[in-house]
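Protein chains: 4
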Amino acid sequence: MSLPAAFHDIAKRVNNWGRWGEDDEIGTLNLIDDEVVTGAVATVRSGLRVPLALPLRQGGVQTGVIPGRIDPLHTMVQINQELFGPGTVATSDDTVTMGLQAATHWDALTHASHSGRLYNGRPANTVTPHEGARFSGIEKAPPVVSRGVLLDVAGAKGLDRLPGDHAVTPEDLDEAAEYGGVTVRGGDIVLVRTGQIRLLLGGDRHGYGYPSPGLSVRTPEWFHARDVAAVANDTLTFEIFPPEIEDLWLPVHALHLVEMGMPQGQNWNLEKLSTACAQARRYAFLLSAMPEPFVGATGTPVAPVAVL
Amino acid sequence: MSLPAAFHDIAKRVNNWGRWGEDDEIGTLNLIDDEVVTGAVATVRSGLRVPLALPLRQGGVQTGVIPGRIDPLHTMVQINQELFGPGTVATSDDTVTMGLQAATHWDALTHASHSGRLYNGRPANTVTPHEGARFSGIEKAPPVVSRGVLLDVAGAKGLDRLPGDHAVTPEDLDEAAEYGGVTVRGGDIVLVRTGQIRLLLGGDRHGYGYPSPGLSVRTPEWFHARDVAAVANDTLTFEIFPPEIEDLWLPVHALHLVEMGMPQGQNWNLEKLSTACAQARRYAFLLSAMPEPFVGATGTPVAPVAVL
Amino acid sequence: MSLPAAFHDIAKRVNNWGRWGEDDEIGTLNLIDDEVVTGAVATVRSGLRVPLALPLRQGGVQTGVIPGRIDPLHTMVQINQELFGPGTVATSDDTVTMGLQAATHWDALTHASHSGRLYNGRPANTVTPHEGARFSGIEKAPPVVSRGVLLDVAGAKGLDRLPGDHAVTPEDLDEAAEYGGVTVRGGDIVLVRTGQIRLLLGGDRHGYGYPSPGLSVRTPEWFHARDVAAVANDTLTFEIFPPEIEDLWLPVHALHLVEMGMPQGQNWNLEKLSTACAQARRYAFLLSAMPEPFVGATGTPVAPVAVL
Amino acid sequence: MSLPAAFHDIAKRVNNWGRWGEDDEIGTLNLIDDEVVTGAVATVRSGLRVPLALPLRQGGVQTGVIPGRIDPLHTMVQINQELFGPGTVATSDDTVTMGLQAATHWDALTHASHSGRLYNGRPANTVTPHEGARFSGIEKAPPVVSRGVLLDVAGAKGLDRLPGDHAVTPEDLDEAAEYGGVTVRGGDIVLVRTGQIRLLLGGDRHGYGYPSPGLSVRTPEWFHARDVAAVANDTLTFEIFPPEIEDLWLPVHALHLVEMGMPQGQNWNLEKLSTACAQARRYAFLLSAMPEPFVGATGTPVAPVAVL
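Residue numbers (the UniProt record's numbering), protein chains in the order written: chain A, 1 to 308; chain B, 1 to 308; chain C, 1 to 308; chain D, 1 to 308.
To be clear, the hints were calculated from the coordinates, so they are not data collected in a lab. Bear in mind that the values here come from a model prediction, so they are computed numbers and not experimental data. Where hints are given, some of them may not hold.
Stated by the list, open to error - BS3-like, lysine-lysine: derived pairs with alpha carbons at most 25 Å apart:
hint, chain 1, residue 1, chain 2, residue 2
1, C, LYS140, D, LYS272
2, A, LYS157, A, LYS272
3, A, LYS272, B, LYS140
4, D, LYS157, D, LYS272
5, A, LYS140, B, LYS272
6, D, LYS140, C, LYS272
7, C, LYS272, C, LYS157
8, B, LYS272, B, LYS157
Extracted from the complex, chain A is given alone in its bound form (with noise of 0.2 Å):
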């Protein structure tokens, strides 16, 4: 079995490889320049900060179905010790043990493959459990920063959230963009919002992993005609599941990491950060989302904030 004569067709259209070098590792995470900071830094007004993270904890995201995929064991090692007598100052230390991609997070562009190639053309077999991604491992990215737009698909549609079959077009691209005033732009970071999360804040886990409204194999064209830096949305999947064509399986995954080099982020809540733009009327900000730079990793944790 290899993939079929449709996602290769797409495949040619995005594909980024020796575009910035031959030995780049970052793909369109170069697409963030000082100019694309400093007009994302223009687009704060109040000052509020709209932190998207979800807690990290035991009965978060994860039910079990993706192998080892485990969600935050967090336990404490020392509990006001007084490490230098008794009557000391006391301290308390602790651990986690965690899937990479258990919660909020950034798929390092070494988190897909396909047809035995990464992204920019280098072997898979170069991620190794010895030294995990030797290439664009996540502690090779810039720092996160840029322009961020919130494209509120079920927003615009006046839905709270999309139905678990509905695949987000271009069309519903272009919708949000213009639902929410703005137009996006080379080096932006795209946040899609499905409104699937609300599931898992109700305390529906399974509910939201399956079926789950995504991104459409066509959107990744969409991306690339207007130079964006990533993408992150408000769902476990990320793309529509189950696909739309039948037995392909993580499209846009793999257009998105192998063929264009652009981070995607996952399990990201959206929820107040649409409240606030449609308060403020307005679907840009400024973004920091930075990846925890593990060496070797393949995804990360991350706490992003919006800054209005």
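Dock chains B, C and D against chain A, hints included.
Structure of chains B, C and D alone, referenced to chain A:
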């Protein structure tokens, strides 16, 4: 044994318990308001982004001296796994186990207690293995985005790094502020550079940890007088270590975290920032330093970024 | 709220505090002496070995109901890594994160406390995040090798498994001993089969955990009278759950671990042993069930083996 | 680079591929049959139990030299938690993260590969991050209970421990067998004492690891000729390290695990056993050394016990 009168005298002068109400859990982070943030945004000129986190990996900061504070152990749970059958798009997943205070981090207010009390007078025994910190866990922190100010104490003295026995005094802070042409304001996050982390970057983990320059017990009053929101530096111990006053261990931890309710950051790499500020001749910038919202945690890794 | 008189009455009758000295940390494991072991060895006839541990993996026993008790997460850190250069002998290494009580395990004596006390009257607060259990941690246990006796309570009643609301009584134990033609002696390790684990083996994790047959609050006196060294069974909860007496939760845990100082085992797979004993017409055997010596731990995974 | 002819010559002579069928996953553990076990049981005289595992804790065997092989990190997740309300019986729970080869352990057959092959000719790439070892994972091992034989090589030479550059030869093994008055038989588990672990017990972790006495590349033929089921010793490296033949690293690992399909044990504390055997004047005993059945694992902690 109990803490000496010298400690309690300072404690009284800097104490913030009740200042933001009996129920407050976030202390000096209350000082970051919308106006502070718009002021922070207004400092940005070039759009240059400087990341301040150390890489997260085995062989990082820890030497085993602090029990249970382990360097990040990154493992792969899937590598190029074709979850949906041969020839389909493949994915890689990973996990991490780490001490939350192991690398570049924020101390939550609950990281320290003294005399059985946490910030705002809460009993120390509200930190439990079951829940972690019931109050002032790091997940309670609001978005940490504010004006950052670099006080380059080593730079102001023309040194690469301060000697291991140098306690950074209020006078040193004044000198560094003057050197940087900057005035610390309410809501600022102050970054104090000692240069000590050059030892770590040069491969000397043990020398980095001990002996270490760091903040003098006299500095909390300086920060308190200026309504600083948070302080971070480039050392393992944060304060001068071994301490200035015999048998008075970790007094600055107790004053900042317990008395003032002010978060602290350690192991921040300020080397590139020092260079960038010197080149730009500006020592104030927009700083985003978002805690990962681990529920009940007494600390968190952080990937701070300065935007100049 | 405190524990009812009914509990305290039994507690007095089975209490072993001081029986092996004020400093004792191992309780009824003192009852396994050389003579008991040679007697255990003498039971072996065929040399047949029957393992009693469940496989250790994600998707094992735990459902997330007990906070922090996570199924083993196994990850590879090296796969066929040629550490000494290309073409050399390669090695693979792995790590695990798991709850020590997650699968087939022993409860250490410190797994339970009541009224602020642990076994032998020690304060409950000697279990700390820093050290774990200062007294009676599982690493203190001597080798657990003794005569094992299977009391096949379900088998004696001609049932595959006991109903979920069946409290195993002293009369049930007598019946099973008679069924097996065996007399329980001092130093024996008694394995009580309910058949409940058939639910787990059949894929019903939730049904396995709740409701569950298990030991009645009346059985500790039966074990005490016979100087049993340890007891294990094939359930998650060990004792009847929900409990027999309203609002008296986990009384058997408290009687065994705290009052008697007798280790307990849970999630032991006794199905094959049941068949083997029936075929051999012998219900006593050599049992080796060695704790892993985790320092300060309140439990341990165990891979028990019966030799018939 | 490939393995030298000297290696391949020995490999041919000790190879067991196909000996127990094409589908075999357990190698020389096939040699432990009922008769071997009854023979093992017949060695027991006094009932004395000698445990052979090191304590499991931070600050154990590992120094950080072997990437990812971390000492056990034990953390409490609940301490005296009254899960069912105030005044009820309280419980404590804990977790651990550890390298499976970090302390006293068995190497599974899949711990080593060479020339792309595992035991019984299976491709090395059947060890994956997703599944771990598809074949010969440690969970496939049958119960490891057999006759143990201590070959006290150091003792036979009148030494506390062998020098760091001493390769244990077949002649040394013969000498130790004669010293112990014991003849190695089919199905035996052979414990080879070098005394090297005294360095570790004395606090010298680095000296323990390197340089280290250990098995010579000539010993696999000795074990093969006697149909030994498994071999363990009291070193980190198992074989002489650095190796006897330049650039031939880990040949004994490859011969035992890959060619013979014979499990190896490392970091076994044989000091007390040495004393006990000397006092009893018997060097054969019943040995129980049960692997923890981690699914797909290439190693496992083990808490062995000798019964004399």
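(request) With a cut-off of 25 Å on the C-alpha distance, tell me whether LYS157 of chain A and LYS272 of chain A pass. (result) Cα-Cα ~18 Å, so holds.
(request) Would you mind confirming whether the straight-line C-alpha gap from LYS272 of chain C to LYS157 of chain C stays at or under 25 Å? (result) With a Cα-Cα distance of about 18 Å, the restraint between LYS272 of chain C and LYS157 of chain C holds, given a limit of 25 Å.
(message) Next pair to validate is LYS157 of chain D with LYS272 of chain D; report whether the Cα-Cα distance is within 25 Å.
(response) 18 Å, holds
(message) Would the hint linking LYS140 of chain D and LYS272 of chain C be met if the CA-CA limit is 25 Å?
(response) 16 Å, holds
(message) So if I understand the rule, the pair passes when the alpha-carbon distance is 25 Å or less; does LYS272 of chain A with LYS140 of chain B pass?
(response) Answer holds: LYS272 of chain A to LYS140 of chain B is near 16 Å, not above 25 Å.
(request) Take a quick look at whether LYS272 of chain B and LYS157 of chain B sit within 25 Å of each other, Cα to Cα. (result) Distance ~18 Å between LYS272 of chain B and LYS157 of chain B Cα, so the pair holds.
(message) Against the 25 Å threshold, does the CA-CA distance of LYS140 of chain C and LYS272 of chain D hold or violate the hint?
(response) 16 Å, holds
(request) Would you mind confirming whether the straight-line C-alpha gap from LYS140 of chain A to LYS272 of chain B stays at or under 25 Å? (result) 16 Å, holds
The structure fails none of the hints (numbered hints given earlier).
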